[in-house]
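Undergrad: Each protein sequence line maps, in turn, to chains B and U. If you're matching positions, the first sequence starts at 1 in our numbering and goes up one per residue. If you're matching positions, the second sequence starts at 88 in our numbering and goes up one per residue.
There may be inaccurate statements among the hints.
[As the list claims (entries may be wrong)] Partner residues are not named here, just some residues of chain U that face chain B (Cβ under 8 Å, in silico):
1. His252
2. Pro254
3. Met458
[Claimed, not checked] A short list of chain B residues far from chain U (calculated; beta carbon distances all over 10 Å):
4. Leu27
5. Ala35
6. Ala36
7. Gly37
8. Asp60
9. Glu80
10. Val83
11. Glu85
[Stated by the list, open to error] One side of the interface only, derived from the structure: several residues of chain U facing chain B at Cβ under 8 Å:
12. Ala306
13. Ser388
14. Met389
In case anyone wonders, no lab produced these hints; they're calculated from the structure. Remember, it's a predicted structure, so these values are computed and weren't measured experimentally. By construction, the Cβ of each residue, glycine as well, lies at the ideal position given by its N, Cα and C atoms.
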Amino acid sequence: MSVSTVRARIRAVLKGTDYLQVDIDGLADDADLYAAGLSSHATVNLMLALEEAFDVELPDRLLRRRTFSSVYAMAEALAEIGVKEAA
Amino acid sequence: MSQWLAAARAVGGVAERHADDVDRDARFPGEAIAALKQEKLLGLLVPESAGGPGGTIADAVAICHALGQHCAATAMIYAMHQIQVACIVRHGGTDWHRAFLRRLAGDQLLLASATSEAGVGGDVRSSICSIEQTNDRFALAKEATVISYGADSDGILVTARKTPHSPASDQVIVVVPKAGCVLEQDSGWDTLGMRGTCSNGYHLKATGEMAQLLPVSYAEVSAQTMLPVSHLVWSALWSGIATNAVARARAYVRAEARKKNGTPPARLAEAASLLQLMRSNVVAALRQFEAASASPDELLSMPFAVAMNNLKVGSSQMAVQVINHALLICGLAGYRNDSPYSLGRHLRDAHSAALMVNNDRILANTGTLLMALREDPDLL
Chain B
1 MSVSTVRARI RAVLKGTDYL QVDIDGLADD ADLYAAGLSS HATVNLMLAL
51 EEAFDVELPD RLLRRRTFSS VYAMAEALAE IGVKEAA
Chain U
88 MSQWLAAARA VGGVAERHAD DVDRDARFPG EAIAALKQEK LLGLLVPESA
138 GGPGGTIADA VAICHALGQH CAATAMIYAM HQIQVACIVR HGGTDWHRAF
188 LRRLAGDQLL LASATSEAGV GGDVRSSICS IEQTNDRFAL AKEATVISYG
238 ADSDGILVTA RKTPHSPASD QVIVVVPKAG CVLEQDSGWD TLGMRGTCSN
288 GYHLKATGEM AQLLPVSYAE VSAQTMLPVS HLVWSALWSG IATNAVARAR
338 AYVRAEARKK NGTPPARLAE AASLLQLMRS NVVAALRQFE AASASPDELL
388 SMPFAVAMNN LKVGSSQMAV QVINHALLIC GLAGYRNDSP YSLGRHLRDA
438 HSAALMVNND RILANTGTLL MALREDPDLL
């Protein structure tokens, strides 16, 4: 699985939710999702959806605002717990 | 005891002399606030580099606890002021902010807050109004449902959407000196308790320089400073109210025992035990805040937010419980408004605790956060 695939899957998680006030397709991987309307309440739902989609558990140390601030940041966090691209 | 705490105790005497009057007439506790200015306590948190004494959040917490024992409205005004100062000290990065803090320490300016707004359903993390920027200037108009002591303040911290196009949750906070704003009163403050805070509603119009905006998002200011510091200073003053209620109950029991020998009520021990829990909670949360303050990431973490929310909900509930115990101990002497053991004001003031940021809202937020967290198995 390539990193870009991980990012694509993160985008798929965001797609079709009301977590953001704009379509994720219009945002770059490093775009600030909080500026796009992501609330703290939605952050928790996003986190649970990521855990479901990637079949992982995010440890408490990653449960902070920055982890969910962009598609890129979420991919970094997932990489940290072993969700990495295959060569 | 710090020199500031000693000064705060002296102010407490002034506050207590006027507390009943402030409560009855729902008027600003001008005498106590003047005494706080006289003792230079409004500038407490301003760092030495900006001409202040460089006091800590722990100092502010101790002072709020001391003031809460004499006049809850004075303590609440002091607490809310220090929350605003802490936000500027910890997040205000511009020359404008440094100059303002210097002026605050020198002139002992009193800061208020305009976070609540008509139309957002009590959610301070959403704004309708927005910053309208023109070059390096901004304009802002807000229907502020509550600005505590707005009329008597020297400046107000106002939340707003970052731009007219930003989502409701993408907020900033801006420091507005009184000279830069117009307040038109829209509603009054005739309430059960905390009557001296004069928390009227206003139409607020402000203009100023873009440099007055804190340079980080309100989400960060809120999570790292406004929310934890609020819950700490509030909990400290609520435990101050409860401390005085237990002191009155104890005095009543002692006076009764002098008149006739008898067994002291076990309820006094129960009240004292709850009070100990309240105070321990404040101290433990303060230590947690101090430890987390070394790392901005830690302050933005969910477990920290849960801990600070729990402090607020627990303190607000226990304050009323402790005062109820004290009331049962004192009986009618506590129920009367004209007795030295009177507890009516304590009880009315303490009931505000569960409502200023409604506990049900906080519990719902905490419940959401808890979905993401696992139990910490470690005690220490």
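Undergrad: Indicate, hint by hint, whether the structure satisfies it.
TA: Structure-based check of each hint:
{"no.": "1", "hint": "His252", "in the structure": "violated, 10 Å"}
{"no.": "2", "hint": "Pro254", "in the structure": "holds, 3 Å"}
{"no.": "3", "hint": "Met458", "in the structure": "holds, 6 Å"}
{"no.": "4", "hint": "Leu27", "in the structure": "holds, 13 Å"}
{"no.": "5", "hint": "Ala35", "in the structure": "violated, 5 Å"}
{"no.": "6", "hint": "Ala36", "in the structure": "violated, 7 Å"}
{"no.": "7", "hint": "Gly37", "in the structure": "violated, 3 Å"}
{"no.": "8", "hint": "Asp60", "in the structure": "violated, 6 Å"}
{"no.": "9", "hint": "Glu80", "in the structure": "holds, 14 Å"}
{"no.": "10", "hint": "Val83", "in the structure": "holds, 18 Å"}
{"no.": "11", "hint": "Glu85", "in the structure": "holds, 26 Å"}
{"no.": "12", "hint": "Ala306", "in the structure": "holds, 6 Å"}
{"no.": "13", "hint": "Ser388", "in the structure": "holds, 4 Å"}
{"no.": "14", "hint": "Met389", "in the structure": "holds, 4 Å"}
In summary, the structure is inconsistent with hints 1, 5, 6, 7, 8 from the numbered list given earlier, while agreeing with the others.
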